[in-house]
Amino acid sequence: MNYSNLAKTILRLVGDKENVAELAHCATRLRFKLNDHARANKEEIQSLDGVLSVVESGGQFQVIIGNHVSQVFSELMSQMGGASSAPAATDSTNTAKNKASIGSRIFEVISGSFTPLLGPLAGAGMLKAVLAVVSLMNWMDASSSSYLILSAIANAVFYFLPVFLGISAAIKMGANGYLGGVIGAALLEPNFTGLIGNADATFFGIPVVAINYSSTVFPIFIAVAGLAFLEKQLKKICPQNLQMFLVPMICLLVIVPLTVLIFGPFGVNLGNVVAAGINWLSAHSGALTGAVIGGTIMFMVVLGLHWGLVPIVVANLALGGSPIAAMWAPCTFAQMGIAVAFFLRSKDPSVKAIAGPAAITGLLAGVTEPIIYGLILRYRRAIPVVMISGAAGGCVVGYFQTKMTAFGFHNIFTIPLFDPLVPYIIGISLGFGLSVILGMMFAVDNQKQGEGAGKQQTVAS
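Heads up: the sequence shown runs through residues 1 to 461, numbered per the UniProt record's numbering.
FYI, nobody ran anything at the bench for these hints, they're computed from the structure. The model shown is predicted, which means the values in this text are computed figures rather than measured ones. All C-beta atoms, glycine included, are put in the ideal place defined by N, C-alpha and C. Accuracy of the hints is not assured; some may be wrong.
Said to hold, decoys possible - So the derived label-pair ranges between C-beta atoms look like this:
(1) D16 <-> G197: 53 to 59 Å
(2) D49 <-> M249: 52 to 58 Å
(3) V134 <-> Q240: 52 to 58 Å
(4) I153 <-> I106: 28 to 34 Å
(5) A283 <-> L421: 16 to 22 Å
(6) Y159 <-> K352: 43 to 49 Å
(7) K352 <-> G119: 27 to 33 Å
Stated by the list, open to error - Quick list of in silico lysine to aspartate or glutamate cross-link-like pairs, DMTMM-like style, CA-CA up to 25 Å:
(8) K8 <-> D49
(9) K17 <-> E44
(10) K8 <-> E44
(11) K42 <-> E56
(12) K8 <-> E56
(13) K17 <-> E75
(14) K8 <-> D36
(15) K352 <-> D49
(16) K17 <-> E56
(17) K17 <-> D49
(18) K347 <-> D49
(19) K17 <-> E43
(20) K42 <-> E75
(21) K8 <-> E43
(22) K8 <-> E75
(23) K42 <-> D16
(24) K42 <-> E18
(25) K8 <-> E18
(26) K17 <-> D36
Based on the provided sequences and hints, a complete structural model is requested.
Below you can see the structure in the form of structure tokens.
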């Protein structure tokens, strides 16, 4: 695939770089925020060789590329006069003609803030899975210095999550990213963490509830929203020659105490309420909740809205584990199962060429967009198969109140991250196996060569 030509064609079809207000990418998608969506030619982009699909959701114009998205993103950034080697949320310098709703804007900020962190979170989660196996098999003493160093590597991104989120969220909201990071760091600074448990702690006479903010999500989002507003107002009134030091100083002196006194406790309580609600559903109607999530979560992935669940998952992880992430998994494995069904049953070489690599990528990395857009949405008899299989597996996982204990994508390597383990293995095996069987019986039978496949436009090389 010629990434340079593909990027050039996509850029032309979205209305050239003047129409791009923001550009980021996640595991499989280019996420454009366009000044004018009417200038983008969705149909032509969707027909390009190298593009799986195009989705407009959450105020974003999303081009689904698949596993090669980072290479196409780098070419796009280069052609637009920028440079980036990793997913990033960029400052918007243009006023978009498409005014998003408040809900869409909140979702955009949340998903855009987490996008740059997905790699580190997934990598650290994978290392946690490896350490769990090493400890379980007694291959390494959990009290040894080597194990503790490896554990520190795996835990660091989660412990300092408020710092990293502070940076990415501030950039996404148009504020100074490093000020956002400093706010997060202040909440983890030893002098502050030393106040935890001190009932007599005050800030100029105002009682302070010192909380452990490591791994938290909601407090830093609220704090950074306040930072973005305050910084913008201060730049309007502060003399230009004093802004370099005066604006950051005032922002920190105002926002950090407000976070300690108000934003932080409110955010932690908000996270606790959300987590308690999810845990209540898991405890009182786990089977039903698991079936609903397992059967329908794929449609959130189709719309690119699934990243909006990440802060809820992370908030749950900080409190012991995420039921949602566990209930989600059987649907992911059901998608892998349908790919295996197509690979085994289909007589169309072009379908096999998609299904085989997509199934392997899913099983090893947990990335299933190539399966969704390359197979499931093209051959729609696969949709009910995946829904039924995911619901069946989700029902089992939910019934036994299984939780994900550390962040990771759903793949064969992150299986040790779930507790209890046996019901999780049964749930994902049911989702996978049922999807293979039902897929071979109903989704792939009688498929004619090329049926359902859209005509592909090849990018000129």
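Status of each hint after checking the structure:
1. In this structure the supplied range 53 to 59 Å holds for D16 paired with G197, their Cβ-Cβ distance being about 57 Å.
2. Taken as a hint, the range 52 to 58 Å holds for the pair D49 and M249, whose Cβ atoms sit roughly 53 Å apart.
3. A C-beta distance of roughly 56 Å is found between V134 and Q240, which places it inside the suggested range of 52 to 58 Å.
4. Range check, I153 to I106: about 33 Å between beta-carbon atoms, so the 28 to 34 Å window is met.
5. Between A283 and L421 the Cβ separation comes to about 19 Å, which falls inside the hinted range of 16 to 22 Å.
6. Here the CB-CB span from Y159 to K352 is close to 45 Å, well matched to the stated 43 to 49 Å.
7. Distance hint check for K352 and G119: the Cβ-Cβ separation is about 30 Å, which falls inside the suggested range of 27 to 33 Å.
8. Proposed proximity of K8 and D49 is supported: the alpha carbons are some 13 Å apart, at most 25 Å.
9. For the given pair, K17 sits about 17 Å from E44 by alpha-carbon distance, which is consistent with the 25 Å threshold.
10. Note on K8 and E44: the hinted pairing holds, with a Cα-Cα distance of about 13 Å set against a maximum of 25 Å.
11. Of the supplied pair hints, the one linking K42 and E56 holds, its CA atoms being roughly 9 Å apart against a limit of 25 Å.
12. Restraint check for K8 and E56: the C-alpha separation of about 20 Å stays at or below 25 Å, so the hint holds.
13. A threshold of 25 Å between alpha carbons decides the hint, and for K17 with E75 the separation of about 13 Å falls inside it, so the pair holds.
14. Note on K8 and D36: the hinted pairing holds, with a Cα-Cα distance of about 19 Å set against a maximum of 25 Å.
15. For a cut-off of 25 Å, the pair hint linking K352 to D49 stands: about 17 Å separates their Cα positions.
16. Using a Cα cut-off of 25 Å, the hinted pair K17 and E56 holds, with the two alpha carbons roughly 18 Å apart.
17. Of the supplied pair hints, the one linking K17 and D49 holds, its CA atoms being roughly 21 Å apart against a limit of 25 Å.
18. The hinted pair formed by K347 and D49 meets the criterion: a straight-line CA distance of about 22 Å does not exceed 25 Å.
19. Of the pairs offered as hints, the one joining K17 and E43 holds, with about 19 Å between alpha carbons and a cut-off of 25 Å not exceeded.
20. Distance hint between K42 and E75 is fulfilled; the C-alpha atoms sit about 20 Å from each other, no more than 25 Å.
21. For a cut-off of 25 Å, the pair hint linking K8 to E43 stands: about 16 Å separates their Cα positions.
22. For a cut-off of 25 Å, the pair hint linking K8 to E75 stands: about 8 Å separates their Cα positions.
23. The hinted pair formed by K42 and D16 meets the criterion: a straight-line CA distance of about 14 Å does not exceed 25 Å.
24. About 17 Å separates the Cα atoms of K42 and E18, which keeps this hinted pair within 25 Å; it holds.
25. With a C-alpha separation of about 14 Å, the suggested pair K8 and E18 falls inside the 25 Å cut-off, and the hint holds.
26. The suggested pairing of K17 with D36 holds, with an alpha-carbon distance near 12 Å, which does not exceed 25 Å.
The structure is consistent with each of the numbered hints, conforming to all of them.
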